[in-house]
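Undergrad: Model the full assembly from the supplied sequences, consistent with the hints where possible.
Now for the letters of each chain:
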Amino acid sequence: MANKPRVGIFDFTGCEGCELNQLNFEDQLLDILEHVEIVEWREAMDGRAESLDIAFVEGALSTPDCIKRIHEIRRKSKVLVALGACAVQGGINALKNIRPIEQVREEVYGQDKYLFPTLPALPLSAVVKVDVNIRGCPMTQLEFLKVFTALVMGKAPVEPGNAVCTECKLKDNECVYEKGMICLGPVTRAGCDAQCPTFGQYCTGCRGLVPEPNVEAMEEILVAHGLSMDDARKKLQMFNANQLEGVS
Amino acid sequence: MGTNLDIKVHHLTRVEGHGDIVVNMRDGVLEKARLEIVEAPRYFEAMLKGRNFHEAAIITSRICGICSLGHQMTSFKATEQALGLEVSEQTVLLRKLLVHGATIQSNVLHALFLAAPDFLKVGSVFPLVGTHPEVVKAALRMKRLANDIGEVISGRAVHPISCVPGGFTQLPSAKSLAVLRERLEQQMLPDLVFAADVVATLAGEIPDFTRETEFISLRSDDDYALYDGDICSTDTGRVPDREYRRMSNEFIVPHSTSKHCKVNRSSYMVGALARWNNNHDRLCPEALGVAAKLGLKPGCHNPFMNTVAQVVESVHCCLDAMAVLDRLLAAGIRDEVPNQDPTRHGTGIGATEVPRGILYHEYTYDRQGRITAANCIIPTGQNLANIDDDMVKLVPEVVDRGEAAIAHLLEMLVRAYDPCISCSVHMLDVKFTR
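Residue numbers (the numbering used here), protein chains in the order written: chain H, 509 to 756; chain U, 333 to 766.
Because the hints were derived from the structure by calculation, they are not lab data. The beta carbon of each residue, even a glycine, is placed where N, CA and C say it ideally should be. Fair warning: there could be bad hints in the mix.
Just some of the chain H residues that point at chain U, by a computed CB distance under 7 Å [said to hold, decoys possible]:
(1) CYS523
(2) GLU524
(3) GLY525
(4) ASN529
(5) ASN532
(6) ARG550
(7) MET553
(8) ASP554
(9) GLY555
(10) ALA557
(11) LYS604
(12) VAL612
(13) GLY708
(14) GLN709
TA: Laid out in structure tokens, this is it:
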């Protein structure tokens, strides 16, 4: 390829687990580097870049400085990809949004709370235009490779809109509810190959809610399986506090 | 007239998370030399308040992707102690295997991908793909296998799935464990020996710097303490884990969104070098042989040697993982479900060695099994005061080298600690009032 796409990888508020998963492409990393030029990636290399073909951005926006930096990244990038639950939905960080922010700051820093500015944790799409979402906490390598391949080939990646339940059915998994547990599979976007139910866990909803989710019905199911309404809400909020409030 | 220095490294590269190095010297007088932590505060307490014990580890593992397994293990130990949940020997052995895998993956990532480029005079691991392909390939193989340990036993290396309080939701097959055992012996061990040889060729490049400090890590009578043990200081010896607050003493400083720590001196160090100084007598002969080859001696006070200590203990982790697998395979994998029936509701503490040092979680649960109070003390937070003290001693020693060289040396110093800044800025140290 004459001109390899110039790629940058950036991080905001989050655990950097999605980025780590990129360094965990042990079998494919050398092939990936054949097809793109990585020109900026603070976690792995020195240096900054002026312009980019593709920016992969991890993490939620939660300080004034984050807002400034995401605008700079958007300005210099042709395609902006939100990487993982924090970037796509605000992720687990958004749990702080459901309590009064002053109370949260005071509990942690006491009288020193004004030393460290903070905002509600927002998805990238609340501030800039996002071209592609790669979901999950953490993102799966399989999905990243699909999106990456599409972008390098100049094609539009397809985002799944079906529920995790459909993937469980395709894998012939025993339904998590049959085991006496609860599960958010019915309202959670597929694309993870139902990884958690396959390993004996329930779906925590990390990939975000399906388009037009029936949240009320989901809450009724959770309550019918022994949760209080308050606990049902808490389960749904774990990775989707923003979406339930209409953000993202 | 004395030297003037004005160094600011904004968003230090090749570390996990966001930190700036700031040095000011006026007329030969050092006014400031420190690591400023500018990572966005996370406010994990808002996430944990009122959550039930099934969810604590799912949430705290998201403090950090690199240390997610370590946070889970520590979280389980705290929850199990608080709720009186006994776990089986099989569960402990599988957890020890997971810890070995996570330690090797993190140590290899740091030594060969993040730190090695400094010694080979390049800006990242990527140029090494062309110049040192065999080193990069060996590092990738080791990382792959270390991550496979996590995938086989817990479903996923980053934010593991099947480990839960009280045990595992799903158990690995004896066959898959036997394959891991085989690969550790056939691939990992030779690759680690090769990596040690590569590090040996670079050992002359390791800066010669010494500052006496206190080292704190776990210590156990039975093994090289990673999963469990007492808290041990090179200054004052062993104390039980319930004294962890006295052995960390968090305090707020304005230049860091992460809290700092000190015990018997103005600072102390945790991590592989602390483990080496406290527990070198618990390492297997093969690891001690690698230490001798790399010039790592007991009582080492050179923080740049932390990377060397990581390579040494990785050899031990590999061999001990093989021994643990032998025990599991000899006994056979018993089909058991997690023990999740609380026998009490109170406060529990977990203390575990994660790659970057000693990690503490403490939770208090109410009678419904919901969290009412939580506290996590993170290795990188414990190291920050020690890093600042190192800088204050190091800068005057190298002041005649010029700003660029000093800045580079300070970056190498910070990287030697393998800091995990997202972790350190988890912000979880509160008592909830209802």
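Undergrad: Confirm or reject each hint.
TA: The hints, checked one at a time:
1. CYS523: 4 Å, holds
2. GLU524: For GLU524 (chain H), the interface hint holds, since the closest Cβ of chain U sits about 5 Å away, which is under 7 Å.
3. GLY525: For GLY525 (chain H), the interface hint holds, since the closest Cβ of chain U sits about 2 Å away, which is under 7 Å.
4. ASN529: 6 Å, holds
5. ASN532: 6 Å, holds
6. ARG550: Since the shortest Cβ distance to chain U is 5 Å, the answer is holds.
7. MET553: 3 Å, holds
8. ASP554: Interface hint status for ASP554 (chain H): holds (4 Å vs cutoff 7 Å).
9. GLY555: This interface hint holds because 6 Å falls under the 7 Å limit.
10. ALA557: ALA557 (chain H) check fails; min Cβ-Cβ to chain U is 13 Å, beyond 7 Å.
11. LYS604: 4 Å, holds
12. VAL612: 5 Å, holds
13. GLY708: 3 Å, holds
14. GLN709: 5 Å, holds
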